[in-house]
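Colleague: Listed in order, the protein sequences are those of chains G and F.
Under numbering that gives the first Met the number 0, the residue at position 322 of the first sequence is numbered 321, and the numbers go up by one with no gaps.
Under numbering that gives the first Met the number 0, the residue at position 17 of the second sequence is numbered 16, and the numbers go up by one with no gaps.
Everything labelled a hint here was simulated from the structure, so no lab data went into it.
Cβ atoms here follow ideal geometry from the backbone N, Cα and C, with glycine treated the same way.
Among the clues, some could well be false.
[Unchecked claim] The calculated label-pair distances, taken between Cβ atoms and stated as ranges, are:
no., chain 1, residue 1, chain 2, residue 2, range
1, F, Met94, G, Phe41, 25 to 35 Å
2, F, Phe88, G, Leu357, 19 to 29 Å
3, G, Phe69, F, Thr50, 29 to 39 Å
4, F, Gly19, G, Arg68, 29 to 39 Å
5, F, Val14, G, Pro319, 32 to 42 Å
6, F, Lys36, G, Gly67, 32 to 42 Å
7, F, Leu15, G, Leu294, 25 to 35 Å
8, F, Thr49, G, Arg384, 52 to 62 Å
9, G, Gly368, F, Thr50, 32 to 42 Å
10, F, Thr49, G, Leu369, 47 to 57 Å
11, F, Arg111, G, Pro319, 33 to 43 Å
12, G, Ile211, F, Thr50, 48 to 58 Å
13, F, Thr50, G, Trp289, 55 to 65 Å
14, F, Phe54, G, Ala401, 43 to 53 Å
[Said to hold, decoys possible] When the alpha-carbon atoms are kept at most 27 Å apart in a straight line, the in silico DSSO-like pairs for lysine-lysine are as follows:
no., chain 1, residue 1, chain 2, residue 2
15, F, Lys110, G, Lys332
16, F, Lys30, G, Lys96
17, G, Lys96, F, Lys31
18, G, Lys96, G, Lys106
19, G, Lys92, F, Lys31
20, G, Lys106, F, Lys30
21, G, Lys92, F, Lys30
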Amino acid sequence: MDFVAFYYQYIWNLSSMWGSVLAWLQSQTGLPGWAIYLVFGFGGALGAFLWVAISNIILVFGERRLLGRFQIRFGPNRVGPNGTLQLIADALKSVGKELVIPAGADKPIYVLGPIVAFIPAMMGFAVFTFGPTMSPVTMDIGVLYFQAVTSLTAFAAFMAGWSSNNKFALFGAMRAVAQFVSYEIPLVLAVISVVLVAGTMNTLTIANQQTIVYALVLPIALFVFTIASIAEANRTPMDIVEAESEIVAGYHTEYGGMAFIMFYAAEYTHALAFGAMLNVLFLGGWKLFWLDQVLPPWLLFILKSYFVFFILIWMRATFPRLRIDQLMSLGWKVLVPLALVSLVLTSAGMLVPGLPLLAVAIFQWVAAGLIILAVLSRLPRRTNREEDMRARRLAAQAAMTARTAVSAQS
Amino acid sequence: MGDYVYLVFFLFFGVLFPLGGIVTERFLSPKKPDPIKETTYECGIETEGTTWVQFHTRYYLYALVFLIFDVEAIFLFPWAVAYNQLALFGFIEMMIFLAILLVGFAYAWRKRALEWR
Numbered sequence: 000m001d002f003v004a005f006y007y008q009y010i011w012n013l014s015s016m017w018g019s020v021l022a023w024l025q026s027q028t029g030l031p032g033w034a035i036y037l038v039f040g041f042g043g044a045l046g047a048f049l050w051v052a053i054s055n056i057i058l059v060f061g062e063r064r065l066l067g068r069f070q071i072r073f074g075p076n077r078v079g080p081n082g083t084l085q086l087i088a089d090a091l092k093s094v095g096k097e098l099v100i101p102a103g104a105d106k107p108i109y110v111l112g113p114i115v116a117f118i119p120a121m122m123g124f125a126v127f128t129f130g131p132t133m134s135p136v137t138m139d140i141g142v143l144y145f146q147a148v149t150s151l152t153a154f155a156a157f158m159a160g161w162s163s164n165n166k167f168a169l170f171g172a173m174r175a176v177a178q179f180v181s182y183e184i185p186l187v188l189a190v191i192s193v194v195l196v197a198g199t200m201n202t203l204t205i206a207n208q209q210t211i212v213y214a215l216v217l218p219i220a221l222f223v224f225t226i227a228s229i230a231e232a233n234r235t236p237m238d239i240v241e242a243e244s245e246i247v248a249g250y251h252t253e254y255g256g257m258a259f260i261m262f263y264a265a266e267y268t269h270a271l272a273f274g275a276m277l278n279v280l281f282l283g284g285w286k287l288f289w290l291d292q293v294l295p296p297w298l299l300f301i302l303k304s305y306f307v308f309f310i311l312i313w314m315r316a317t318f319p320r321l322r323i324d325q326l327m328s329l330g331w332k333v334l335v336p337l338a339l340v341s342l343v344l345t346s347a348g349m350l351v352p353g354l355p356l357l358a359v360a361i362f363q364w365v366a367a368g369l370i371i372l373a374v375l376s377r378l379p380r381r382t383n384r385e386e387d388m389r390a391r392r393l394a395a396q397a398a399m400t401a402r403t404a405v406s407a408q409s
Numbered sequence: 000m001g002d003y004v005y006l007v008f009f010l011f012f013g014v015l016f017p018l019g020g021i022v023t024e025r026f027l028s029p030k031k032p033d034p035i036k037e038t039t040y041e042c043g044i045e046t047e048g049t050t051w052v053q054f055h056t057r058y059y060l061y062a063l064v065f066l067i068f069d070v071e072a073i074f075l076f077p078w079a080v081a082y083n084q085l086a087l088f089g090f091i092e093m094m095i096f097l098a099i100l101l102v103g104f105a106y107a108w109r110k111r112a113l114e115w116r
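Isolated chain G (complex conformation):
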């Protein structure tokens, strides 16, 4: 068989490759149909898990190097070529650490904490669309399922914080629940805008329908979803849950070694899950101009998800951490009204006969423009730049002369 045919038949669609391997296996061994059915599903889950495991390595290392670049330093670059083995060294070190369970901790719940933290992040990967027909689990309530499963992280945070017998951990856990719960609302409302336009909750149909990406149709919903998913994934501009300067490390203060690594991996998996979901809902999953005719769709899906994750890293490097009162008022007083505006505009636009998508897009962009104008007009007026610079230069010169005078005296 020549390579091109092999490429388009098997590498293009990994699930059809796995299906034909299993069909061959069945013809050889005569396994019953239900066993083949189960093994087929197991392959999908294994594939998703491998992607998660490899991504964790790539993303953690990539984020550390990129943050180094953003902050004009090197980042890890000593272990192995360009520091690529750094994570293996870290993992080996963590495995060798003693699992210290603090006195007075609720032992079973304390150990369960990191395990429960990872489960929801992993479960969310079931509904991603790795290709036009390639999804580990196809279900008609895909979007709702993803929302439901990923919101369970709050339980893990609270279990860890409550069982640690540590005040910092308890404060972190209470904050975590307040934050997760608050940002759940704008997240769900933004997703409903997408469901309205798509007319289905099936992630495969949503991704396949996007001849024009929903990011262009629903800019307000995209904005709300991005901000809310950063908060839900508990990443840096909004990691009030584990703010080092206030509450040590939040709900996992008492965890060390492998248990801590599991919280860390769960956080990255969660962030990747939200990045991939953003890709499915707003960027068309596996579609990318003409490239989806050349490259296999699953590869494009992975690359696009990494691109979304790169933007999350970028935001992390750019914005300072919010205070908890700012975080709460951003969630309730900005994102919830914005998501409601998006919902109303989308449902109104869908009523327009003929080109509902165009109507929705016009409504959303006009509203987004008006909101941006309103915000800009309320910002404090900027002072004259040149005058400002001259005043600063004079002040610096005065300080300099004062300092030299002092050093001359002594």
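Following the hints, put chain F in place on chain G, whose structure we already have.
Modeller: Just chain F now, with coordinates in the frame of chain G:
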């Protein structure tokens, strides 16, 4: 009809990864318990009183407002899926529903239940 059975495998991998890590650590890491090591970590200062301290009621207020909107979201999902069939009737009905909810939201805002004090 979806293949919901397959979700069991995702649960399996979700448990396997962290459990495997922690079990491996149990075998490889030293085990030397020490009363000082097991004390509560508060940056070197000895801990005062019990851990389970009282909490501000603001957490409770957020939980209440969350509950209202979460129930709303449950109603919105089926409405959004069936929207193409409902058309104008569905739009007007949902706007009335949203308006009622918004009154509650405005009340919570006015009463400063959404502020972190």
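Colleague: Hinted pair, alpha-carbon criterion (27 Å max): Lys96(G), Lys106(G). Please report holds or violated.
Modeller: holds (18 Å)
Colleague: Is Lys30(F) within 27 Å of Lys96(G), Cα to Cα?
Modeller: holds (9 Å)
Colleague: Within a Cα-Cα threshold of 27 Å, do Lys92(G) and Lys30(F) meet the stated pairing?
Modeller: Roughly 15 Å between the alpha carbons, so the hint for Lys92(G) and Lys30(F) holds.
Colleague: Would you mind confirming whether the straight-line C-alpha gap from Lys92(G) to Lys31(F) stays at or under 27 Å?
Modeller: Within the cut-off at roughly 17 Å; holds.
Colleague: Is the hinted range of 55 to 65 Å satisfied by the C-beta distance from Thr50(F) to Trp289(G)?
Modeller: For Thr50(F) and Trp289(G) the Cβ distance comes to about 59 Å; the hint holds.
Colleague: For the range 43 to 53 Å, tell me whether the beta carbons of Phe54(F) and Ala401(G) fit it or not.
Modeller: At roughly 51 Å between Cβ atoms, Ala401(G) and Phe54(F) fall inside 43 to 53 Å, so the hint holds.
Colleague: So the hint says 19 to 29 Å: do the beta-carbon atoms of Phe88(F) and Leu357(G) match that?
Modeller: holds (23 Å)
Colleague: Quick one: are Met94(F) and Phe41(G) within 25 to 35 Å, going by C-beta?
Modeller: violated (47 Å)
Colleague: If you check the beta carbons of Leu15(F) and Leu294(G), does the distance land in 25 to 35 Å?
Modeller: holds (31 Å)
Colleague: Should the hint that Gly19(F) and Arg68(G) are 29 to 39 Å apart at their CB atoms be regarded as holding?
Modeller: The hint (29 to 39 Å, Cβ to Cβ) holds, given that Gly19(F) and Arg68(G) are roughly 33 Å apart.
Colleague: Just to be careful, I want the Cα atoms of Lys110(F) and Lys332(G) compared with a cutoff of 27 Å; is the pair within it?
Modeller: Holds. Lys110(F) to Lys332(G) sits at ~13 Å (cutoff 27 Å).
Colleague: Given a hint of 32 to 42 Å, does the C-beta separation of Lys36(F) and Gly67(G) actually sit inside it?
Modeller: Taking Cβ atoms as reference, Lys36(F) and Gly67(G) lie about 33 Å apart, which means the hint holds.
When held up to the earlier numbered hints, the structure conflicts with 1, 9, 11 and fits the remainder.
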